[in-house]
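Q: Read off the chains here:
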Amino acid sequence: MPTPTRQFPALSRLLHWVMAAMVLTMLGVGMAMIVSLGDYHALLSFHRPLGIAILVLVVVRFVNRRLNPPPPFPASMSEAERRVASASELVMYGLMLVLPLVGWGMLSAARYPIVLYGSVHLPFILPPSPTLYAVLRKAHTDLAYLFFLTFLAHFAAILFHTLVLRDGILKRMVPWRVR
Amino acid sequence: MPADREGPGSTRPPLGPAGTLVRLALVGLILAAVLGTYAFLGGWLTPSALTPARLTDAFEHAAGVHPGFRRNHAKGVGVSGFFESNGNGARFSKAVVFRPGRVPVIGRFSLSGGRPDVADAPDEVRGLGLQFTLPDGELWRTAMINLPVFPFRTPEAFYENLVASAPDPATGKPDPAGMKALLERHPETARALAVIKSQPIASGFDNTTFHSLNAFRFTSSAGVSVPVRWLLEPAQPFEAAGAAPGSRDRNYLFDALIARVQRQPLRWHLVLTVGQAGDPTADATLAWPPDRERVDVGTLTLDRVEAEETSPARDINFDPLVLPAGIAPSDDPLLSARSAVYSRSFTRREGEAKQPSAITAADVRGGK
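Residue numbers (our numbering), protein chains in the order written: chain A, 1 to 179; chain B, 1001 to 1368.
There's no promise every hint is true.
Have a look at the derived ranges for each label pair, beta carbon to beta carbon [to be verified]:
1. B:GLY1019 - A:ASP142: 56 to 62 Å
2. A:VAL63 - B:GLU1309: 31 to 37 Å
3. A:PRO72 - B:PRO1013: 56 to 62 Å
4. B:ARG1102 - A:PRO69: 21 to 27 Å
5. B:GLY1101 - A:PHE62: 54 to 60 Å
6. B:PRO1100 - A:PHE62: 44 to 50 Å
Here are some, though not all, of the chain B residues that point toward chain A, as calculated from beta-carbon distances under 7 Å [what the hints assert, rightly or not]:
7. LEU1021
8. LEU1026
9. VAL1027
10. LEU1029
11. GLY1042
12. GLY1043
13. LEU1045
14. SER1048
15. GLY1172
16. LYS1173
17. ASP1175
18. LEU1321
19. ALA1325
20. SER1336
21. ALA1337
22. SER1339
Listed next, the stretches of chain B that the computed footprint assigns to chain A, with coverage defined by at least 3 CB atoms under 8 Å from CB atoms of chain A [stated by the list, open to error]:
23. 1032-1039
24. 1186-1194
25. 1304-1317
Treat the hints as calculated values from the structure; they're not laboratory data. Think of the CB as a built atom: it goes at the ideal place given N, C-alpha and C, for glycine as much as any other residue.
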């Protein structure tokens, strides 16, 4: 009998799936927004508060990860595979923090109001600057594509482990309790 | 099957080669489905669709690329002043800007088209972009023009116009057949142009009436929502435009504006036109019936003029959907499209080196 793999703590699993839904929605909204004329405004009005919600939740997630460390990797993963998995997690965590901040920063530099809902808006976090805006605007897109590619790699790895290797890796993260 | 009962981390018996292949194919299929969904959302599967980038390209094609400048309304000057609300607008909108009191305004007068050095002429469309900074930190931006109705109902029709007005490489001029065909396809454009032509053109920027172009929805603090269009009526008396002075005085409209602002502050009344049920809100080519209620909600005073190189207006995107709570977009399809294309134009120009405007700081000083 191989060593049984422990699940992530319940709060970690909840955060993972809630944020997965938010982030996948966000990627779709972002991609659709830049090619849309008729839906641009509606998508953008949704994009801003969703981005800020992701920013808040990723901070919660950092704290949770400190308080509730993840279980060890399953025995089926090689040392190299574990390093790649850890690196991709780090990239995704980092981007979930950086992408909203870059978005907030670029809107600040361009002096676009950062409206969340109605008259509720966030303060500017950068001085007005066309150059800063241009650099951050490009970074926002490039980093979003990097996030998308990292997500695809993560998703492909999980599919491969679950469907081909069948090592039960997904059970570490499924929302329900596995015993 | 005991395998189904195993806890996490346990490895099931290895698959045969056929089973492995089938499952690998399944992995590939799922990944392809995810990629396909995002490719669809990102527009890769519909390359012929009209996008903000293609519309912005059409502006560049029609007027050439002028780095650092707006892709439309490229020629302009910055202005500033204030808006003094008389409180009458609070009946229709809870927006803070309509409470009695004064808010600072930054603006920009412009001529339409993508050429930043275009010669002033009476029939060039005149623009006025404004930003109201509300006491609670909200912003209201509007980009108005001097046309009473807009010639195009949809972004697609506007795009067709840009394509038709691009110079023919053979003649260097737009092909008249293209515009004729457009008017046949879009009778609403022909009707709107007739309305526009029936209106006399004012002699200068200072005595021009500017229109909101699109309808918006105003919501009162009681939650009642009405369609509204607005206009700025000049306090400066109307005088009909004469002929353009010719190529030696390419900036005569802007020069006159500078001289007038420096002589005395210019004023406009902000007038709301309140629509009724059934008035078209999704068609900017149609005027509303003339008997609709008009409410003067306050006075705009512009007392300072600046060249773009020193004015904060240069780097403001006068996006018509930067709105305070209490003003919302109507169902007019032009509004979201304007917002998207202005944003694209803004992103392009802010990433480019800034060139001096046709109206320089020396021109503005010389106006004194």
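Q: With reference to the structure, classify each hint as holding or not holding.
A: Each hint, compared with the structure:
Between GLY1019 (chain B) and ASP142 (chain A) the beta carbon distance is about 40 Å. The supplied range of 56 to 62 Å is therefore violated. The hint said 31 to 37 Å for the Cβ distance between VAL63 (chain A) and GLU1309 (chain B), and at roughly 48 Å that hint is violated. Separated by about 24 Å at the C-beta atoms, PRO72 (chain A) and PRO1013 (chain B) break the suggested range of 56 to 62 Å. Range check, ARG1102 (chain B) to PRO69 (chain A): about 57 Å between beta-carbon atoms, so the 21 to 27 Å window is missed.
Between GLY1101 (chain B) and PHE62 (chain A) the beta carbons are some 44 Å apart, a value that contradicts the proposed interval 54 to 60 Å. A hinted range of 44 to 50 Å for the beta carbons of PRO1100 (chain B) and PHE62 (chain A) is consistent with their spacing of about 48 Å. Nearest Cβ of chain A to the Cβ of LEU1021 (chain B): about 10 Å, over the 7 Å cut. The hint is violated. Evaluation of the LEU1026 (chain B) hint against chain A yields a held restraint, the C-beta minimum of about 6 Å falling below 7 Å.
The interface hint given for VAL1027 (chain B) is met, as the beta carbon of that residue sits about 5 Å from the closest beta carbon of chain A, less than 7 Å. Evaluation of the LEU1029 (chain B) hint against chain A yields a violated restraint, the C-beta minimum of about 10 Å exceeding 7 Å. At about 4 Å, the closest approach between the beta carbon of GLY1042 (chain B) and any beta carbon in chain A falls short of 7 Å, and the interface hint on this residue holds. At its closest, the beta carbon of GLY1043 (chain B) sits 4 Å from a beta carbon of chain A; the interface hint therefore holds under the 7 Å criterion.
Of the supplied interface hints, the one on LEU1045 (chain B) is violated, with its beta-carbon coming no nearer than about 11 Å to a beta-carbon of chain A, more than 7 Å. With a least beta-carbon distance of about 12 Å to chain A, the hint placing SER1048 (chain B) at the interface is violated under the 7 Å criterion. For GLY1172 (chain B), the shortest C-beta to C-beta distance to chain A is roughly 30 Å, which exceeds 7 Å, and the interface hint is violated. This hint is violated: LYS1173 (chain B) has a C-beta 29 Å from the nearest C-beta of chain A, more than the 7 Å allowed.
For ASP1175 (chain B), the suggested interface contact is broken, since its CB lies about 26 Å from the closest CB of chain A, more than 7 Å. A least Cβ separation of about 5 Å between LEU1321 (chain B) and chain A falls short of the 7 Å threshold, and the interface hint therefore holds. At its closest, the beta carbon of ALA1325 (chain B) sits 4 Å from a beta carbon of chain A; the interface hint therefore holds under the 7 Å criterion. A hinted interface residue such as SER1336 (chain B) counts as satisfied when its beta carbon comes closer than 7 Å to some beta carbon of chain A; here the least separation is about 4 Å, so the hint holds.
Given the 7 Å rule on beta carbons, the hint for ALA1337 (chain B) holds: about 4 Å separates it from the nearest Cβ of chain A. Given hint, SER1339 (chain B) at the interface with chain A, holds; its Cβ is 5 Å from that chain's nearest Cβ, closer than 7 Å. With 4 residues carrying a beta carbon less than 8 Å from a beta carbon of chain A, the stretch 1032-1039 of chain B meets the three-residue requirement, and the given coverage holds. Only when three residues or more bring their CB closer than 8 Å to a CB of chain A does the claim for the stretch 1186-1194 of chain B stand; here the count is 0, and the claim is violated.
Counting residues of the stretch 1304-1317 of chain B whose CB lies closer than 8 Å to any CB of chain A gives 4, so the stated coverage by that chain holds, three being the minimum.
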